[in-house]
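Quick mapping for you: the protein sequence lines, in order, are chains A and B. So the number in this note's numbering is just where the residue sits in the first sequence, counting from 1, plus 596. So the number in this note's numbering is just where the residue sits in the second sequence, counting from 1, plus 596.
Derived from the structure by calculation, the hints contain no laboratory data. Heads up, some of the hints might be wrong.
As the list claims (entries may be wrong) - No farther apart than 25 Å at their CA atoms in a straight line, the calculated lysine to any residue pairs in the SDA-like style are these: (1) B:K643 with A:P870; (2) B:K643 with A:R869; (3) A:K643 with B:R869; (4) B:K774 with B:E748; (5) B:K643 with A:V868; (6) B:K871 with A:T925; (7) B:K871 with A:V801; (8) B:K643 with A:R862; (9) A:K678 with A:R862; (10) B:K871 with A:V868; (11) B:K932 with A:I937; (12) A:K932 with B:R862; (13) A:K932 with B:P935; (14) A:K606 with B:G920; (15) B:K959 with B:R869; (16) A:K774 with B:A808; (17) B:K932 with A:T904; (18) A:K774 with B:P805; (19) A:K959 with A:K629; (20) B:K643 with B:K678; (21) A:K745 with A:D716; (22) A:K643 with B:R862; (23) B:K678 with B:H927; (24) A:K959 with A:T931; (25) A:K871 with B:S934; (26) B:K959 with B:G944; (27) A:K629 with A:M617; (28) B:K932 with A:A780; (29) B:K959 with B:H939; (30) B:K938 with A:V933; (31) B:K938 with A:E899; (32) B:K932 with A:T931; (33) A:K932 with B:S934; (34) A:K643 with A:A670.
There are 2 protein chains.
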Amino acid sequence: MTQTDAAPRKIWAHSADSHVMEPADLWTSRLPKRLADRAPRSERGDKYEILYIDGQQIDRQLNDFMDAMRPPGAFDLDVRLKDLDQEGVWSQLAFPSMGFWSVNITDRELGREVARAWNDWSHEEVMSRQDRIFTPAIVSLADVGDAVKEIERTAEMGFQAIFLPCGTRPGEEWGLDKWEPLWAAAEAHGTVLAFHIGTGGENVVYRGPGGAVVNYMETTYPGMRVVSHMVAGGALDRHPELKVVIAEGGAAWVPAIGDRMDEGYRQHGMFVRPKLSRLPSEIIRSQVYASFQHDPSAVEVIEGTGYTNVMWGDDYPHLEGTYGHTQETLHGLFTKVSPEIKHRVLRGTFEELFDVSPIPADKGL
Amino acid sequence: MTQTDAAPRKIWAHSADSHVMEPADLWTSRLPKRLADRAPRSERGDKYEILYIDGQQIDRQLNDFMDAMRPPGAFDLDVRLKDLDQEGVWSQLAFPSMGFWSVNITDRELGREVARAWNDWSHEEVMSRQDRIFTPAIVSLADVGDAVKEIERTAEMGFQAIFLPCGTRPGEEWGLDKWEPLWAAAEAHGTVLAFHIGTGGENVVYRGPGGAVVNYMETTYPGMRVVSHMVAGGALDRHPELKVVIAEGGAAWVPAIGDRMDEGYRQHGMFVRPKLSRLPSEIIRSQVYASFQHDPSAVEVIEGTGYTNVMWGDDYPHLEGTYGHTQETLHGLFTKVSPEIKHRVLRGTFEELFDVSPIPADKGL
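Build the full structure now, drawing on both the sequences and the hints.
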């Protein structure tokens, strides 16, 4: 957006949901061949992109349109910072792209080394080269002890969050006691748990009429499910300093599920184990954060419900994101609410969770 | 609640989500033995209640506590009206109880006759005997033509809604073209589609820590899924007079999923089939209604989002309901909102959907 006298003032915001695009040689250049061959990689066929992860093969519809839409800085950090300046985005929590598929790995050595290599790459090639874009660390889900060690190692390197998938296999749900060491380590290091929508499960579950929108909705429920397990299972109650982000799934649903969980907790009280020291909605309001891109409701519900852990995200460089229309989106979102709520959603919540480079004083809100 | 000088004034409301408890001989007294034997029935063992439906057997945890909690009027219509007077509830949309299990029937004759018998029972024993409690009709899901005929028959008898389950088997999703005659018939007769949470699927999907609350949350997603299929599949767009109620699952999530579906519809537009004449959120705001029992957020989001199709429900005589604390609940819910919103949630939305006995002028709001 070119600034002219007639154009509205540029709004500057942090983005709690962006992505880095890893180079194709990330793992091949950093791991021995026997491991690199099993790390996540993508091959493009005529109609499908095929993802390979440790012997698993996942076909995805090829989407040339998405490539065409990709912002100039998707693969180049210096150009990316120019994209950010153009869009009015100061700091980004940038999730993985290919790295998301690391959650499919069940082999202990492979899981550990893929995570370490990704984190080393991010530290060297992303986070050490500038101070506006930072990533969560990846941790191995194949072994909780390895995940704890990687939290300790990456916290030392300056990582402030770990990425976790919303979808889980049966027996791996986030409320199970097996994850307790992970929560203890994250709490001890002030590491934010950054769950991202659309990860850890199948994203195309329906192929009938309206499938594209139905499937988009289907990615939403696993984010809600994470909250239900982390709260009802007691993890967030036992670790009151632990912070959970559900990225990209909207935010207006959070107070709704808080009330719904309260109703279940109270009305089905004789079946409830464990008992919690606070109501689910209280735990959610103090420890669960959510990010959205376009949703007016994410902003509109704040004043009425008092749920303020809402963050905007640009989802750069993805198709669901705001690249090319960030200013239009931001100007549209905040017409009905106070300057305090605008500040909270675009900057304050993010700055509460993360130690980030402050937005220069000459950048408007 | 006894009215004394010190007690707050009684608030009178309609309930968009209540239940009738059918007599054990409903089907045996109305169907030939060869069909009655296959109709839904319940047997109580030592630890489990066993439900039989046409050869299927479903074990449910026995819950003496729920029996002990049951309001006096659960099985007696005259006593029930006294319960309603005590609680401050004027009119109730009363869903089935055992009748819910009719959705499991796949045999055409059985499905048709079980539905007819239930509707005849409701007409004779519930709706003809008083004018405050009315039920949706049951329709057979085993054959859409039979369902259409039962809509026509029951509309003539004075039914204003049909009950439909939120959960569907694969190949039966509500967005599929096979249901088109049902939507056309419902629209033609002004019949409301009353979907109820916790029906048509498995309600205990997780047995780990926090299972009671996690499973309570799991019943919420199928209600959202109904909306996504009915909107994205185009049914509500093709039938703009059709009204959908999602009962018992809360209401504050509705604007959230409207925005989420808009984002999918716009950002993934090149994959979207069918195209809609209105945005998903517009369709939802004019045709989707939701009911809740206790949730403060269901009321709190109305002013900010402008989503007003919100109805309170008492869930009488169920454990998740407000029997015994209805007045406490109603007095607590409306402290922060305008009298207009209070009227809308407790009376106006319900009276917009249904032709009901008006609340006498001496009953306060």
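Here is how each hint holds up against the structure:
The hinted pair formed by K643 (chain B) and P870 (chain A) meets the criterion: a straight-line CA distance of about 22 Å does not exceed 25 Å. The hinted pair formed by K643 (chain B) and R869 (chain A) meets the criterion: a straight-line CA distance of about 19 Å does not exceed 25 Å. For the suggested pair K643 (chain A) and R869 (chain B), the alpha carbons sit about 19 Å apart, so the restraint of at most 25 Å is met. For the proposed pair K774 (chain B) and E748 (chain B), the alpha carbon gap of about 18 Å is at most 25 Å, so the pair holds.
Pair hint K643 (chain B) plus V868 (chain A) holds up; C-alpha atoms about 18 Å apart against a cutoff of 25 Å. For the suggested pair K871 (chain B) and T925 (chain A), the alpha carbons sit about 23 Å apart, so the restraint of at most 25 Å is met. As the CA atoms of K871 (chain B) and V801 (chain A) are separated by approximately 20 Å, the hinted pair is consistent with the 25 Å bound. This hinted pair checks out: K643 (chain B) and R862 (chain A) have alpha carbons roughly 23 Å apart, not beyond 25 Å.
Note on K678 (chain A) and R862 (chain A): the hinted pairing is violated, with a Cα-Cα distance of about 52 Å set against a maximum of 25 Å. Of the pairs offered as hints, the one joining K871 (chain B) and V868 (chain A) is violated, with about 44 Å between alpha carbons and a cut-off of 25 Å exceeded. Restraint check for K932 (chain B) and I937 (chain A): the C-alpha separation of about 19 Å stays at or below 25 Å, so the hint holds. A distance of roughly 23 Å separates the Cα atoms of K932 (chain A) and R862 (chain B); the hinted pair therefore holds under the 25 Å criterion.
For the given pair, K932 (chain A) sits about 21 Å from P935 (chain B) by alpha-carbon distance, which is consistent with the 25 Å threshold. Distance check on the hinted pair: K606 (chain A) and G920 (chain B) sit about 55 Å apart at the alpha-carbon level, beyond 25 Å; violated. A distance of roughly 49 Å separates the Cα atoms of K959 (chain B) and R869 (chain B); the hinted pair therefore is violated under the 25 Å criterion. Distance check on the hinted pair: K774 (chain A) and A808 (chain B) sit about 19 Å apart at the alpha-carbon level, within 25 Å; holds.
Our distance criterion of 25 Å between C-alpha atoms is met by K932 (chain B) and T904 (chain A), whose separation comes to about 17 Å. Distance hint between K774 (chain A) and P805 (chain B) is fulfilled; the C-alpha atoms sit about 11 Å from each other, no more than 25 Å. Restraint check: the Cα-Cα separation between K959 (chain A) and K629 (chain A) comes to about 47 Å, which exceeds 25 Å; the hinted pair is violated. Among the hinted pairs, K643 (chain B) with K678 (chain B) is inconsistent with the structure: their alpha-carbon atoms are about 33 Å apart, more than 25 Å.
Restraint check for K745 (chain A) and D716 (chain A): satisfied, since their Cα atoms lie roughly 14 Å apart, inside the 25 Å limit. For a cut-off of 25 Å, the pair hint linking K643 (chain A) to R862 (chain B) stands: about 23 Å separates their Cα positions. Taking the CA atoms of K678 (chain B) and H927 (chain B), the gap is about 21 Å. The hint holds against a cut of 25 Å. For the hint linking K959 (chain A) to T931 (chain A), the alpha-carbon distance of about 19 Å falls within 25 Å, and the restraint holds.
Taking the CA atoms of K871 (chain A) and S934 (chain B), the gap is about 36 Å. The hint is violated against a cut of 25 Å. Between the alpha carbons of K959 (chain B) and G944 (chain B) the distance comes to roughly 15 Å, so the proposed pair stays at or under 25 Å and holds. With a C-alpha separation of about 22 Å, the suggested pairing of K629 (chain A) with M617 (chain A) holds against the 25 Å cut-off. Taking the CA atoms of K932 (chain B) and A780 (chain A), the gap is about 39 Å. The hint is violated against a cut of 25 Å.
For the given pair, K959 (chain B) sits about 13 Å from H939 (chain B) by alpha-carbon distance, which is consistent with the 25 Å threshold. Straight-line distance between C-alpha atoms of K938 (chain B) and V933 (chain A) comes to about 22 Å, which keeps the hinted pair within the 25 Å bound. Between K938 (chain B) and E899 (chain A) the alpha-carbon distance is near 18 Å, which keeps this suggested pair within the 25 Å criterion. Using a Cα cut-off of 25 Å, the hinted pair K932 (chain B) and T931 (chain A) holds, with the two alpha carbons roughly 22 Å apart.
Taking the CA atoms of K932 (chain A) and S934 (chain B), the gap is about 18 Å. The hint holds against a cut of 25 Å. In summary, the hint linking K643 (chain A) to A670 (chain A) is supported, as the alpha carbons are separated by about 23 Å, within the 25 Å threshold.
Violated hints for the displayed structure, listed by number in ascending order: 9, 10, 14, 15, 19, 20, 25, 28.
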